[in-house]
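Let the sequences and hints guide you as you build the complete structure.
Listed here are the chains, written in short residue letters.
Number of protein chains: 4
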Amino acid sequence: MKSRSISLFATIGVACFAGIASAKTYNANITEAEVLAAQKAWGAALVKISDDFASGGLPKAKATANAVLDAAYGYNLGPVLFKPTLTVAPQTFRTTKAGALAYFVGDDKNFPSDTGFALKGWKKVDIENAAIHINGDVAKTMGKVMITDKNGKVTTVDKTWAFKKDDMGAVRIVLHHSSLPFTAN
Amino acid sequence: MKSRSISLFATIGVACFAGIASAKTYNANITEAEVLAAQKAWGAALVKISDDFASGGLPKAKATANAVLDAAYGYNLGPVLFKPTLTVAPQTFRTTKAGALAYFVGDDKNFPSDTGFALKGWKKVDIENAAIHINGDVAKTMGKVMITDKNGKVTTVDKTWAFKKDDMGAVRIVLHHSSLPFTAN
Amino acid sequence: MKSRSISLFATIGVACFAGIASAKTYNANITEAEVLAAQKAWGAALVKISDDFASGGLPKAKATANAVLDAAYGYNLGPVLFKPTLTVAPQTFRTTKAGALAYFVGDDKNFPSDTGFALKGWKKVDIENAAIHINGDVAKTMGKVMITDKNGKVTTVDKTWAFKKDDMGAVRIVLHHSSLPFTAN
Amino acid sequence: MKSRSISLFATIGVACFAGIASAKTYNANITEAEVLAAQKAWGAALVKISDDFASGGLPKAKATANAVLDAAYGYNLGPVLFKPTLTVAPQTFRTTKAGALAYFVGDDKNFPSDTGFALKGWKKVDIENAAIHINGDVAKTMGKVMITDKNGKVTTVDKTWAFKKDDMGAVRIVLHHSSLPFTAN
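Residue numbers (this note's numbering), protein chains in the order written: chain A, 1 to 185; chain B, 1 to 185; chain C, 1 to 185; chain D, 1 to 185.
Simulated from the structure, these hints should not be mistaken for laboratory data. Incorrect hints may have been included.
As the list makes no split between identical chains, a pair holds if one copy fits it or if it spans any two.
Stated by the list, open to error - Derived pair list, reagent style BS3-like, types lysine-lysine, alpha-carbon separation capped at 30 Å:
#1 Lys60 / Lys109
#2 Lys24 / Lys144
#3 Lys60 / Lys24
#4 Lys109 / Lys120
#5 Lys97 / Lys153
#6 Lys124 / Lys24
#7 Lys120 / Lys144
#8 Lys109 / Lys24
#9 Lys97 / Lys124
In structure tokens form, the structure reads like this:
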């Protein structure tokens, strides 16, 4: 994580003993404020990858995406329950970091369907939570996420996240289910 | 929960001090076996509602669905993070029991788009987990669920569940995100 | 819990969906404020039992102690890890409610060594925490507890507690280790 | 943790992704078997420090004790709730590693009352749990611990432990309250 772009993701992935509120109290629990900050940081990271792709091409975008996955996802803790918006069988679920990286920036022959979701000129991310659950060091959220591209087109997805605060105080995405809204016809 | 059909759902919702493994050990954690049993019970309940609709009409199906929601979902614990497969804005998320019941059996003027997902002649449910997370009394699963109707037609969905084992030892669904697979069209 | 004295213990044992911070957020975690309130309520309950013994004799004290145990301890959840200050082998540990009640008010032939710790004219309880741990719905504390009797005599004990917030939002003592300070003599 | 003696403590402190039961399941919970193993390892470590003191003097004993604290206690996670058997005010509680090390091997001018509890020729440790609680990645135990010295003299203490399984799968003591049995005298 030597990339300078990592500073962007400090809200999610900073490694410090955030669990220690004072010399006397150790609190491992995740807070609602930490959850909301992590959601915003995810949106900022998506926009950052798009911006870096525009300014520095695939190498820059890939380096940023790699740093985001290291800092903000829980692949270091075990398999991540990740169902991206646009993936299809037999590679629907991306439980490994390689699968997630391919989804965000493409360029991986092992995931031939992936064209790089994060490269599509995203400019803004808005989040509307339907509800939030907080249990110990894990929080789960569900709601609508609206992402706007450089042409002003808005894509809305139904999104579920689970965030886990690790021993170092880093808040990591351990579950991420994203889907396009149902359309009748 | 006076319905006799409740016996079907014992695997999920039975109320006993399941947390006490022996006179000396109290273990509140959920196990992988309990998670798999709860998934199977969900499938059996869906088929049961369809069967009851066929044999007893809407009143019977509704009574069963109501018992399932009481026994197997966590609406008694707080808002449930439920994104059913076929719901649309502005009623995409069903954080209350009334909204879930309407989705499964319809017949609720407050949810006019709902036609009763559980009434559609389902006969079989198969589950393929991509991965499972277990943290304390909460488990999260993600994978494919294949549901077969009376004509042999199979519908596949991408499904994320979180199950929480409550103080009485009942395993309850507290999060449920279901979506049709992405199609490029 | 029909005793009117139960109102005293509301801080510890009130049954409501305290876990729901808003219509949108369900938070099962215990907070430091809840822990400190539960500690104070324990002290108030000890004084209350002593006062009730003075004013109403053993029946009144026993009714109050019984209500305290129902409301503020976790015997309904499983065995409680309770090592009272003055118990001796082979009845050192009081994992059942009967054993705890005998310790506090005596009068139980099954616990012949117990003379009723809570009947000894306690008037004031002060707590100095050395440190506190918060993990999900369980908090652990360790520190000095100073209890003053009606003659102004202060007894200091080293005390460890664990409190668990149950599904109803009640904060219950599930572990309690109390010991007199070591003296070299 | 360069000491070769660290191999002794592998049962408690080995760093591996023990949380991952398979490629598909991530389970962060602590098990009863892990708790019992950690208790036994604590006893073995106490005997090891005594043995090392006998064979290699204070330097060897101190190196071993230091390795034990690094591997088997949770001082890296925050303040540990540690009330050793023989400590007195104002240094009753040893929430820092320095305080714990002084208790076990003495030789610290900042803790002048400490003579080195682990240096007293301990040969055997037996544990009788009164009850065990398991909640997520934390387990709590309470019971009698009998430690036998080289002359066959047995010292019995009332002991409460809490063990936490960290992100690396290491089981660490985060709470430890030890006290001599009450004597009426």
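Tested hints:
no.: 1; hint: Lys60 / Lys109; result: within (19 Å within a copy, 53 Å between copies)
no.: 2; hint: Lys24 / Lys144; result: between (39 Å within a copy, 14 Å between copies)
no.: 3; hint: Lys60 / Lys24; result: neither (43 Å within a copy, 32 Å between copies)
no.: 4; hint: Lys109 / Lys120; result: within (19 Å within a copy, 41 Å between copies)
no.: 5; hint: Lys97 / Lys153; result: within (29 Å within a copy, 35 Å between copies)
no.: 6; hint: Lys124 / Lys24; result: between (41 Å within a copy, 24 Å between copies)
no.: 7; hint: Lys120 / Lys144; result: both (19 Å within a copy, 28 Å between copies)
no.: 8; hint: Lys109 / Lys24; result: between (52 Å within a copy, 24 Å between copies)
no.: 9; hint: Lys97 / Lys124; result: within (24 Å within a copy, 34 Å between copies)
The structure does not agree with numbered hint 3 stated previously, though it agrees with all others.
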